[in-house]
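Trainee: Take these sequences, add in the hints, and give me the full structure.
Chains as they are written, first to last, in our numbering: chain Z, 4 to 320; chain A, 113 to 347.
Hints listed in this document are in silico derivations from the structure and should not be mistaken for laboratory results. Hints are supplied without guarantee of correctness; some may be wrong.
Stated by the list, open to error - Short, incomplete list of chain A residues facing chain Z, as computed with Cβ under 10 angstroms: (1) THR132; (2) TRP140; (3) LYS149; (4) VAL165; (5) GLY169; (6) PHE252; (7) PHE261; (8) PHE268; (9) LEU274; (10) GLY278; (11) ALA302; (12) GLU324.
Backbone N, C-alpha and C define an ideal beta-carbon position, used for all residues, glycine too.
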Amino acid sequence: MSKSLASTSWRARNDIASRPWPGTTREYDLFKELVVGLVVVGLLVLGLSAVFSSPDEPTVTLKSWAVADPADFVATATTELGGTSGTAGYGPPYNSTPDATQKFGPIDLQSLSGVRLPIDTANDFVIGPLQTLPTPPAAIDEWTKASDAQHTAWTTAYGDALSKAPDNDPAKVPSGDYGPVPALTGALLAMAQQGTLDPVLSAKGSFYNADYKASILFLGDGSYFPGLADAQHLTGDQWGMMNETGNYPGQSWLWLFSALYQLEPFKSSPSADVLVVFSMVILTLLLTLVPFIPGLRSLPRRIPLHRLIWRDYYKHR
Amino acid sequence: MTVHRGPVPTADDGEPRFSTWTGKARGWALRRLPPDKLLPEDQPSYVSSWIYVFGMGAVAAFAYILGSGAVLALNGPTWFHASAFGRFINSTHLWSVELFFMFMVIHLWGKFWMAAWRGGRVLTWITGMLAFVVSIVTAFTGYLLQTNFDSQWIAFQAKDALNAVGVGAWFNVADLGQILMWHITLLPLAVAAIVALHVVLVRMHGVVPPLEAAASDAQLRSTAPNPATESEDTK
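Mentor: Below, the structure is given as structure tokens:
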């Protein structure tokens with residue numbers, strides 16, 4: 004008797020895999036299996052929850068940032084005013100900074116979406132919130148009347164001075180031509196430390212708010228927030244995508260997504276995100292469509308783990 | 113005398129005869145998935161391995177995800193910070209999700225090594241993969257709803273991948289209202305619908321036989337003669 008290779012084709016045909024099973028059977032109770040499954044999984048869920056609970060690291064606020072690291076807050080506010088922060092130079096969907104988008108070859112999907120969530124960091128993160136104060140600082144007038152070139156000169160000079168000051172402390176910055184920038188950033192720091200910037204930044208003077216992008220982006224432009232994430236092993240180069248605060252399992256199913264960020268050419272590419280997403284889409288499609296792909300679909304035959312799964316069947320053939 | 117099986121009149125060839133769209137739909141459903149296939153009391157003898165429990169395990173974990181998620185949703189996304197009971201329910205939600213993914217991944221790889229798409233079961237495989245992918249998106253939106261440090265950081269980091277492919281403006285990870293609606297309505301409904309379709313397809317096509325099953329096997333010879341001929345595609 005010649006023995007042919009087992010087929011791994013997806014096609015329905017006149018073979019054993021395609022026809023109703025005509026051979027021996029065993030008793031099977033679908034509902035009983037469901038109930039047993041619910042009981043076992045329920046006990047596991049309750050047990051794990053009772054023993055390990057769940058993580059709940061408190062949020063970081065603009066207030067906690069301003070109190071814990073005022074120097075970083077002022078330095079970040081200066082970059083927001085000067086348009087040199089990460090958000091200011093992000094590109095779509097927040098602004099139209101030239102050459103800021105991530106590209107996949109000639110494909111620029113980031114630009115295609117357009118500026119749909121516009122953010123002007125100087126006005127939205129600094130000037131606008133200060134204007135909501137009962138007595139807005141007079142420095143706002145000086146700022147709004149100055150040219151863009153003057154804005155850049157002031158913020159660049161003040162940013163440089165802050166970086167050279169002992170502990171980057173705004174109080175230790177030598178005098179210079181900073182225009183209204185120290186007064187504006189100082190007023191914003193005071194506002195944040197009092198806790199009044201948090202509601203103003205996201206809600207923009209309204210009562211309700213559910214969109215926290217302004218606060219999240221402002222926090223992310225500083226060093227304090229990423230520093231806290233780094234301490235919790237949550238940053239991208241720490242496989243943070245699949246980590247969780249504390250000693251809890253996170254989204255471990257994102258391991259491959261996270262792994263690609265650790266590898267070249269993704270790791271050092273300015274378009275790392277779009278390259279990783281495209282790669283993951285392709286890999287996911289490959290796995291989804293594996294029944295149609297000759298060679299890949301034969302792997303179960305070439306690496307016969309199925310003999311373990313069906314060892315009882317093969318033993319009693 | 114011709115014995116009519118089922119509640120509907122049949123033609124001479126034994127096929128049920130329906131005249132309405134509803135009846136034709138019922139006839140199609142009954143032909144594709146008769147009650148004894150939908151709710152079977154036996155299975156082929158090869159369905160005898162621990163690998164088979166993980167699909168049902170994932171379904172059971174999904175039930176706990178829906179239950180705990182409903183309690184969390186009804187109390188609002190910040191409830192669990194202030195309530196000890198809320199924290200416990202949040203914990204059951206977390207651990208049922210962790211178990212769900214663990215069971216589903218084991219189930220998926222088990223089915224891969226069984227080449228379970230064989231014999232016209234390709235849609236079963238594809239719906240299983242789809243359930244996995246949509247579950248990942250659903251879990252991701254849940255992590256964004258924790259309203260704690262973790263969700264803040266995930267929102268800050270995840271925006272880059274979404275913006276890079278041009279969808280960040282419509283799927284704004286920092287918009288709690290938008291993400292809440294995705295997480296508690298659209299995505300769970302999608303997962304439930306895909307899982308239901310997947311289970312129905314499993315019942316329709318049956319559990320795939322062993323890769324090397326042959327007509328000469330004792331499990332086949334001990335019953336009615338099997339005319340199966342194994343014309344193979346060995347690509």
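Trainee: So, for every hint listed, does it hold in this structure?
Mentor: Hint by hint, here is what the structure shows:
Look at A:THR132: its Cβ only gets to about 29 angstroms from chain Z, farther than 10 angstroms, so that hint breaks. Using the Cβ-Cβ criterion of 10 angstroms, the hint placing A:TRP140 at the interface with chain Z is not satisfied: the shortest such distance is roughly 18 angstroms. With a least beta-carbon distance of about 9 angstroms to chain Z, the hint placing A:LYS149 at the interface is held under the 10 angstroms criterion. At a threshold of 10 angstroms, the smallest CB-CB gap from A:VAL165 to chain Z is about 7 angstroms, leaving the interface hint in force.
Below 10 angstroms, beta-carbon pairs count as interface contacts, and A:GLY169 has one with chain Z at about 6 angstroms; its hint therefore holds. About 7 angstroms separates the beta-carbon of A:PHE252 from the nearest beta-carbon of chain Z, less than 10 angstroms, and the hint is met. Against a cut-off of 10 angstroms between C-beta atoms, the interface hint on A:PHE261 holds, since the closest Cβ of chain Z lies about 4 angstroms away. For A:PHE268, the interface hint holds, since its Cβ comes within 10 angstroms of a Cβ in chain Z; the closest pair sits about 4 angstroms apart.
About 9 angstroms separates the beta-carbon of A:LEU274 from the nearest beta-carbon of chain Z, less than 10 angstroms, and the hint is met. The beta carbon of A:GLY278 is positioned within 10 angstroms of a beta carbon in chain Z (closest approach about 4 angstroms), and the interface hint is therefore held. Restraint check, A:ALA302 versus chain Z: the minimum CB separation of about 16 angstroms is more than 10 angstroms; hint violated. Below 10 angstroms, beta-carbon pairs count as interface contacts, and A:GLU324 has one with chain Z at about 5 angstroms; its hint therefore holds.
Violated hints, listed in ascending order, are 1, 2, 11; each of the other numbered hints is respected by the structure.
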